[in-house]
Structure formats: C-alpha cells, structure tokens
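J.: Let chain A serve as the given structure and place chains B and C on it in line with the hints.
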Amino acid sequence: MREEGRPISAATDAETTGGSGGLEVRGLRVTTRTGVPVVDGVDLTVPARTVLGLVGESGSGKTTVGTALLGGTRRGLRVAAGSVLIDGTDVTRLDETQLRRWRGSRVSYVPQDPTTALDPAMRVGRQVREVLDCHDYGSGPDERAARVREAFEEVGLPGDEAFAARYPHQLSGGQQQRVCIATAFATWPSLVVLDEPTTGLDVTTQSLVLGTVRQLTQRHGCAALYISHDLAVVSEISDAVAVLYAGSVVEQAPTAELVHRPRHPYTARLVAAVPDLDGRRALRGIPGGAPSPSGRPDGCRFAPRCALVVDECTTELPALREVAQDHLARCIRSAEVTAAEVGDRRRQHAGPGDVLLSVEDLSARYGVVQVLRGLSLRVPRGACVALLGESGSGKTTLARTIAGLHTEASGTLRLGDEVLPFGAHARSRGTRAAVAYIFQNPYSSLNPRRTVGESVGRPLRVLRDVRGDELERRVGEMLERVYLPARYAGRFPDQLSGGERQRVAVARALIAEPELLVCDEITSALDVSVQANIVGLIEEFRRDLGLTLLFVTHDIALVRNVAQQVAVLQQGSIVEDASTDELFEHPSHDYTRELLETTPRLAT
Amino acid sequence: MSGAPPLGGGGPSVDPGTADLAPGLLRRSWAVGRTKVGLALTLLVVAVAVVGPFVAPESETGFVGLANVRDAPGTLFGTDNIGRDVWSRFLYGGISLLWLSALCTIIGVGSGLLVALLAGYSRTWVDEVLMRTTDVFLAFPAIVLALLFLAVFQPQPWTVVLTVAAGHAPRVARVMRAAVLDVAGRDYVRSAESMGLRRWPIRLGDLLPNVTGPLMVESGLRLTYSVGLVAGLGFLGLSGLEADQADWGQMINENRVAFEVQPWAVLLPVVAIGLLTVGTNLVADGIARAAAGTDREVAE
Amino acid sequence: MTLGRLVGRRLLIGAFILAVVSVLVFGASLLLPGDAARAVLGRSASPDRLEIVRAQMHLDDPPLLRYLSWAGDLLTGDLGSSTVSQEPVLDLIAGRSGNSLLLMAIAALVATPLSLLLGTWSALRRDKAADHLTSMGTLVLASLPEFVVGIVLIFVFSTGLLSWFPAVVSSTEGILEQPAVLVLPVATLVLAVSPYITRMMRATMLEVLDSDFVHQARMNGVPERSVLWRHAVPNAIGPVAQVIALQLAYLAGGIVLVEFLFDYPGIGEGIITAVDARDIPTLQALVMLVAAFYVLVNLLADVVGVLANPRLRTAGA
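Chains as they are written, first to last, in this note's numbering: chain A, 1 to 604; chain B, 1 to 300; chain C, 1 to 317.
Isolated chain A, as found in the complex (with noise of 0.2 Å):
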C-alpha cells in the first residue's frame, strides 16, 4: 500500500543513503542572531511508524525544536550547530531550494493555530491541492485531484467537491485541524511534526484528532513528533517521550516508563504537578521557576529547583545517559529519583455547612443569544464548588453574573439570605467586599498603568476607605501572603511574569476578606507547573480564611483534586451537581460520562 501514490518527489535523488527512516537528532542548537542559546543539547530519536512526544513548558524551546526540523526558525534564530537526519539525510545541511522541496513533501508540519494557519482567501481544497501541486505529486492532475479527496476522506472529512471549495472560515475549529492534518499526511511524509495541534479544541474534539493522527501514522509508516505541553495528551498518544527543560533535553523513555518510573527529578516533579484523574494522587507544584535563555546557569539548568542538588550539578552540565532500556536522562543522580506517591491526597466531600450563595432559576443572555437557561446552584460555606463546562457552556456568563459583571439576567441570587441586584454598581459596599473575582488572563486582569501595589489596594480604597500608611502596611502584608516580596508594590505588572501576575491577582482579590471567591479559569494561561502552585495557594487560603469559592474551569482532572462538589454546565444548563468522588465514581448524566472517557489520562 505504500507504494501506490508514492510521490516521483525532486528530494529522492537528494543523498539517502541507505536511511533508516524516521527522525534522528543530534547536538541541536537554535541560537539568536546575538548568540543566545534558545534550545541547546537537544538529542531525539524517532523511528518510523512511532509517534515520539516532545513535552516542555513554557521558555523551554519546543517550538522551535518543531520549526528547526524543517529547516524553518523564525525570525532572528538560526541553527548554530546539530544534526537533523530524517530519512538518513541531514536537512540542516540542505540550500534553500532542496529545503523547500523537502518541506511539505518528505517532512510536514502541523501547526497549533488551524484558524490563522490556513489562508483566509483560499478555498480549503486549493490549499491542500496546492502542496500536491508545487511537489510534482503523482503523475498529473487527476491523480491529485483524487488525492485531495482521499486526504479529506482518511481525517473523517467529506470527500466531496462542495466540502472542498469552502472557505476556512466556514468550518469547525476541529474540522480546520484536520485540513491541517490532511495537507500535512497528503504527500506521505517520512516525517510530520505536530506542534500542539489540540490547543482550543474541546475534549471530544480533541480525542477524535489524536485518534485520527495515530491511525495516519501507522497507515502511513512515517514517524511523527508531537510537541505539546499537556503531559496527559502526549502520553494518550506517543509511544515514547521526550522531556524538554530550559532548551535542552532531559529525559527520554517509553510513555510508561517515564510516567511510572522518571529517572530525572523534573519529569518526576512534572508528573506530580498533572492533575490525576482518577484522583489517587496529589496535586503538587514545583517551587521557582525556569530560566529565560539569557539566564540559563552552568551546570544542570533544573538544579536551582531541584531537591536532589549537590555541589557537582552545578559544575557541569550532565551529559544525557542510557540509564535503562531505552531510557535516557541527564541526571548524575537519576538512580535516586522517585516517582510521585499514590494515595496521599483526602477525601473530597462537601461539609455540611450552610448555604452561603445561592442561585435560583437564572437566566441570562448576550442581547439576543441565550446563554444560561433557568438553571439552580447552592454553594455551601467553606466549600470549593467546582463549574465545570466546555466553551460556550455558559460557565463564564454565570461567573459573571454572580459577581455582578453581566446585567442581562433574570431570576434570583441570594448571598446569605440579601437578595443581589444583578449590576456591582447596585449592590452595597458590603457585598460588592464580600464577593470577589479573579480572571483567567493574568495579561490583561492587571491595569499595566498602575504599580502592583496600587492594583492591590484597591478594594480597600474603594470599598473599605482604607487610606495612607494603613493602606501600605496591608497591601505589603497581602503580598507576603501570596508569597511575594513586599517590595514588588512599587513595580509595574510587565516587570512580573504570568504566575506572579497571577498572584498579585489572588492577593487582589482577598485584601479586602471576601466571603466568596471567584476564579474563572485562573489558571489556564499558566504552565502546568504553575498551576499547581496557584491552586495550592487558593486551597490553603480557603482552609486558612474559610474561603468559600467557586471555581470555574474546563480541565476535569484539575477539578477532581481541587474541588468537593461539581456542577458541570452544558449550553447553559446544569445537567449534573454532586459531590465530587460521587460525580467521578458514578456519574450520572451522558455528557459527564463522555467527559470522562475522552479525556486524556496518564498513561496507566
């Protein structure tokens, strides 16, 4: 089957000698045009027909690792040293035109954002036909034509000439990704690199996706890598992972085993910072954070973090060891690391406190689109209630709503046993104190005009007339607690990055003692890593203050080990509300079983 269609492509007189197939690199490094290293020591090994996942956060280099293997860094970077064999042939050592006959013919790249990845202009056939076309695919026009219809066909697309001539703008964001895919699989590549191709798809959505690109690979034979920084989905689909930390490569080993058996405190430290869907084990963040490329140390670059260090890691920079079959790392103490625990983290049940907000038949709309149909909540004092929704369930109109932001509302909402008005402006001092709110975009919840402090204080100038030293003192005080140093008041938000932001958010939101706390997907914008750092500092202000809060989110794992009831929101209904080892052990509605089942797990 591999040979039919096989593409007379210009690149197979390029010096294949006698390739092994797949992806081999070696020594990469992707410097600026100063010479700062973006990515340095990047070591990977992909066979055909495997799907290797390149894991990393933020700053660590994992896109540009992705656009180094076409040959194609952006701007200001380029490749200062490395090997990148794919097929036996090294690209890096390709001319621009041998490059450019390789990419989209024997490597191809799936991007992380189908909306502006695709020509708005041009209809979604001619795109893909378009590859076919400057690759000399096949032998004429008509066998192109049939492979466009045949690529449509193998990603679950209609074949016919009306899907074919519409616009992108005219699809789903799922069925976008998948002309991605297509064009990418059309011209059967030795290699594709995918770069956080689910990003912005919902979980059904992005199950079908995986399920398509690990079908394509095995039909195809070719050896993919996928770049992402959800550990979850890459281990659902990669038969082997690769760590990437600070530009380099850390670990590499089968998907199991690195979950199950991380030979290098990062990946063990990561893992643990994964919210477990099956709640056995505890969420827990990793203190610090990673180096900017200008700041990188000598010497291991984890090890201001790592709670394995000794003096010879800072030295030397490890080298990157066999330290089992198919296993990798770059740890001089790797036989020593240990894998998160099992079983440590509570029981999840709500108190039997009384009911301290309480929702009754709300409804709202966006001028004329229904959002929230009549839909009923109770939220118990000191409890964390978790809503639990999909974009444009309606989960973020009814945070809003609570808290006074959205005034196109109807029915009742109850803070103990007032009444709220529906706009903030209407509401008493008091109760505009007792309920507080913090957003998802750490960028742009910060006024960039105001120092931190000024943004801090706030709430109490407003609402609790808090003036002068008083003022100072507590704003310093607030951001102790958030662990912060007092001293950043006087800074400006774009000297801070996303998880401080973040913080000043929380401290933000609690100086002025709320009763209930807010949170609409605060921690989606940030690393996983840091995530866990924020829902720890929420929980133990909850514990510490008898916060109640509402915490809003898409992610479902993150609401097993965060949450003790859970409302989970569907086109604005609430179609299931228990408590959560209820929810999660018997659940009751189709939709939150189907959560559930596509969700992705670590692999087990």
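For the record, the hints were derived by calculation from the structure and aren't laboratory data. Bear in mind that the values here come from a model prediction, so they are computed numbers and not experimental data. C-beta atoms are modelled at their ideal positions from N, C-alpha and C, and glycine is treated no differently. A couple of the hints might just be wrong.
Simulated restraints, written as ranges between beta carbons of each label pair [unchecked claim]:
id, chain 1, residue 1, chain 2, residue 2, range
1, B, Val271, C, Leu68, 47 to 55 Å
2, A, Thr115, B, Val271, 32 to 40 Å
3, C, Asp276, A, His425, 39 to 47 Å
4, B, Gly62, C, Phe16, 22 to 30 Å
5, C, Pro223, A, Gly140, 17 to 25 Å
6, C, Pro223, A, His169, 24 to 32 Å
7, C, Asp276, B, Glu128, 53 to 61 Å
8, C, Pro223, A, Ala81, 25 to 33 Å
9, C, Leu114, B, Gly62, 46 to 54 Å
10, A, His169, C, Arg125, 28 to 36 Å
11, A, Glu161, C, Leu114, 14 to 22 Å
12, A, Gly173, C, Asp127, 18 to 26 Å
13, B, Lys36, C, Leu114, 26 to 34 Å
14, A, Thr97, B, Val129, 15 to 23 Å
Which residues of chain B face chain C? A partial, calculated answer using Cβ under 8 Å [unchecked claim]:
id, residue
15, Ser59
16, Leu238
17, Ala258
18, Phe259
19, Val270
T.: Relative to chain A, chains B and C alone:
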C-alpha cells in the same frame, strides 16, 4: 490535594532593564531617530516664529522700497508686493500660524477624545448615535466644510479655529474610539466594575491612561494637518487676519502673482511651513513606532 | 448578507448622509447674519437687486418650505442661479466638473499603480536601504500640504530653475487644447495622495507576510513567488482597497487648493470664487456635488472591501 505549601514566586521576573515604567513611551520615542530630527525641525521653525518679531530689522508694515524687487538694497530677500521688507515680514509671520494651529489641535483632539470616551464605553445607543453623526462629518474633506462655514460666518480667526477643529474631531473620535473599545474589553476594567465603580471614574482612571499612546500619535498628526489647513486657508486668502498683518499663509497669497520675479516672498514661508509640517509628522511617527514596539504581546 | 443587500444598505445610508449634509448646507445659508440678501450683495446694493435676490432666495417663506423647495429643485436638476452673474448654476459648473474630473481621473490612474508597486517593492526589501529611503520619502511627502508641494514644483519646473511646464492655465483655451497645463497639477495631486497608499500597502504587505498562514505556506514548501502572489497579495488587497478609495475621495478636497494655485478652471476654483463672492446658491450646489462624489466613492470602497473579504462575501451562504 497536597498539604505542602507552594514555594517561590512561580516564575522568573522580566529583567528590569527591558521593561521600564509603563509611562516611558516618551522616553522610548526619543530613542527613535526620527523623533529627534522631527523635534529639531519643529523647534527650529517655532524659534524663528517666536523670536522673529524681536530680531526683525524692519517693522511689519513699513515700506522699504519699490515693490517686488528681488535684490533691493538694504534687504536680505528683497521687497514684497507692495514694497515691504520680505525678511522682516517673514520673521513676524509665523506666530499667528503657530497659535492658531495649536488651538485647532487642542480643541479638535479634546472634543474627539471626549466623544471617543463616551462612545467607546457606554450603553449601545449612545455609541451608535455618536458614530453615525461623525460619519456624516467624515463625509467630506475638511477644507470644503471649512469653506462653507467661512462663507457664511466671515473669515475670522475664531471661525477658522472652530471649523478646522470641527474637521479634526470626527477623525480623532474614530481612531480614539477604536483604542478605547480595545481597552474597555480588558479584564482590569471588569475588575474595576466589579468593585462597583461608575462609568466616568473608570473612563478617567482606567481607560484614558491606557490610550495615551494613540492619543499622542493622533495629536501629532492633527497638529501637522492643522498647520497645513490654517496655512492653506491663509493661502486662499481666508485666514481672517488683518489685511496688512504678516502671516505666512497670507504672504504666499499676496506674493504669488509676482512669483516669477520675486520668489523669496513666497519661498521663505513655503519652506518654513514645509519644515514645520515635516517636523511634527516625524515626531508623531516616532511616537507611533515606539508605541507599536511595546504593544506586542509579552511572550511567555 | 449578500452583495446586493449590502449595496442597497450602503446606498440608503449614503442617501441619509446626503440628506443630513443638505440640511447643513441649507442651514448655512439660513445662518447668514442680518438681512441675507444684503449680506450677499453688500452695503451698496440697489433696492432692485435686493428684491431680485430676495425672491431668488425665497427669503419670505418659512424655513422648512424653503429647504424643501431647494432640495426639490436640486433633485430635479435646477440648481438655481448665481447671485453674481445671474446665470444658471448648472451651466457654470458643468464645464468645471468635467475639468476637475479629468484632473482627478488622471491623478488617480497615475497614483494608484505607482503606489501599489512601490509599497509592495519596499515591503519585499524590508529594512534595507531602499525601504528606508521610500519610507522617509513617503513620510516627508505625506506631511507637506499640497500647496507647498505645488509651489515647489512650480519653482523647480516652471518659473524658477527650469521652464518645462506652464504655471497657470490660460482661460482662453479649453484644457484639452493645452495639455501641458495638466502636468504640474496632476503631479501635485499624485504626490499628495501616493504617500498614504504606499505606506498602507507596505504595512499591509508586511503584516500579511508575517502572518501564520504565510508561514505555514512556506512550511509546506510553496515557492516564494507563489507565496507572494497567491497568498500575500490577495489578502492585502482588501484593506488597501479601502484606503485607496478614501484617498481618491480626498482628492476632491485637495483639488481646491491645487486648482486655486494653478488657476485651473475646475470645481475647486469654483468653490473659492463662490466663497469670495458669497454666491451662496453656487456654493451650495458645489458642496452638494462634492458630498455626493464622496458618498459614492465611499460606497465603492465598502463594496470592494466586502468583495475582497471572503468572510463577508460568503456570509449568508
């Protein structure tokens, strides 16, 4: 969930050197080469206009010789259309252009900004009404509108200022409204709303400080166009100033008939006006470039 | 919304705008202080002249009636008579309109392809010497008022250094009989309008060339020439087309100063003359003409914008 407390800041801080204080736009603009050149040109012309009257050899209206003599004795650039000293008239003629243009800009930008703050952050119908109204005014070039009103109201300095400002306001409103809308969608505005703050305190405290970048750029552009329009109206003979007052635009009008014979009377003001408009536009462009450099998303 | 409905809606909005403008234009005449007729004719007007003008301007009727009758006349082609020469305004502006249109058309035909090519060319040579030069050049030209550009051109090519072209238009011959007079006015207009289009084209091209789908096309191995012509240019056309249309509309304003400078017998010069003489009926008719032109060109810009944007083109499909 684990009982272990999270440690540390949860991420590296950006080097303080790369992210100076947010209000550093002016400082960053200065770093752009063209801003310096633009500022130099502008200040040069402003200096001539302001200091000119004090160093002019002759009076503004005194006769020094026969009309339109290019190299009349005792003068630097000869005489104008009725025999006055061109150089002196030139030195006297800049200040009226400057203060008229400045007024036009301030009033035009100010009113446009007000409309933008109202329209960009309000209940829907206010926005609609304001924008449709500005659409009408955008429906033709400023100069035609100005001419119509000057025909009715007689050219006088204040009518010139009002009509030119009225030409600026809709355009400024459009641009600033887009900026205000963008900022109004950010979460920190929602945060202020959740504290119960009302619309005007939010406009002044959260929206306005965050649109100063586009505001500075627009102001620079409007100043450029104000100079062009005011000088243009003077050139058409409609500046509304006294007939014998020295004014660059008016000088061009008075002396263009004799341009072939005595070019200086026209060239001097033309060059000055040209340098001024280029200067202000370079400054505006420099600020725009500096602002664009920082509006890029902070990469994680 | 289909193209037909979009055009229909824009036409309605355009008509509404014209209506509002007509009210403003008419209102301007109402606001003449004192006795309108005397204001127009001046202090030394004879009673007979005053009577004629009063009747002409229907000064004794209520304002609404006067507006409606004026608007009605306008729509039926009766533009009134000039208070200066007593000739029908229509005759006065017919020839002028033709001359102005000629000037604008030539300027547009020269400026548009020139700017588009220059903008694309400098985008492809980003940050090189050629790009910096073009960028500086367009910035300087964009800052200069048109009459400054015109006077410099006259100085260099006409009266000062060289004598290639005439500086003023002879009023005895028609324009087409003295084509050389078109050169400098056209050049001035082209220099006034091109910088904006060039800069817009460059900026749009750069944005498109940096976009994700162009990056993806390169990752797919598409040759650079195809990337440029099949992906970049089609996506750059939309925003640029609107700017071009607006610049061409702007020509209608720029033309006032340019015609005045070169004594070119067009609408612009007509407006100035009417303003000087306070010939309100002529002025009103001319302003409405300019407004109508503007509305039409804006409509064209919107249509082009929709055609170029597949999202809008297929809406409702």
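J.: Taking 53 to 61 Å as the stated bounds, is the beta-carbon spacing between C:Asp276 and B:Glu128 within them?
T.: Violated: the Cβ-Cβ distance is about 40 Å, outside 53 to 61 Å.
J.: Holds or violated: 14 to 22 Å for the Cβ distance of A:Glu161 and C:Leu114?
T.: The hint (14 to 22 Å, Cβ to Cβ) is violated, given that A:Glu161 and C:Leu114 are roughly 41 Å apart.
J.: Does the nearest C-beta of chain C fall within a distance shorter than 8 Å of the C-beta of B:Ala258?
T.: 10 Å, violated
J.: Minimum Cβ distance from B:Val270 to chain C below 8 Å?
T.: 5 Å, holds
J.: Given the hint of 24 to 32 Å, is the C-beta distance from C:Pro223 to A:His169 inside that range or not?
T.: 26 Å, holds
J.: Evaluate the given range 39 to 47 Å for the C-beta pair formed by C:Asp276 and A:His425.
T.: 56 Å, violated
J.: Was the hint right that B:Leu238 lines chain C, CB cutoff 8 Å?
T.: Cβ of B:Leu238 sits 7 Å from chain C, so the hint holds.
J.: Do the Cβ positions of C:Pro223 and A:Gly140 conform to the proposed distance bound of 17 to 25 Å?
T.: 20 Å, holds
J.: Just to be sure I understand the hint, the distance between the Cβ atoms of B:Val271 and C:Leu68 should be within 47 to 55 Å; is that true here?
T.: 51 Å, holds
J.: If I claimed the Cβ atoms of C:Pro223 and A:Ala81 lie 25 to 33 Å apart, would that claim hold in this structure?
T.: 29 Å, holds
J.: Measuring from beta carbon to beta carbon, are B:Lys36 and C:Leu114 in 26 to 34 Å?
T.: 31 Å, holds
J.: Does the nearest C-beta of chain C fall within a distance shorter than 8 Å of the C-beta of B:Ser59?
T.: Cβ of B:Ser59 sits 27 Å from chain C, so the hint is violated.
Consistency with the previously given hints fails for numbers 2, 3, 4, 7, 11, 12, 14, 15 and 17, ordered from lowest to highest.
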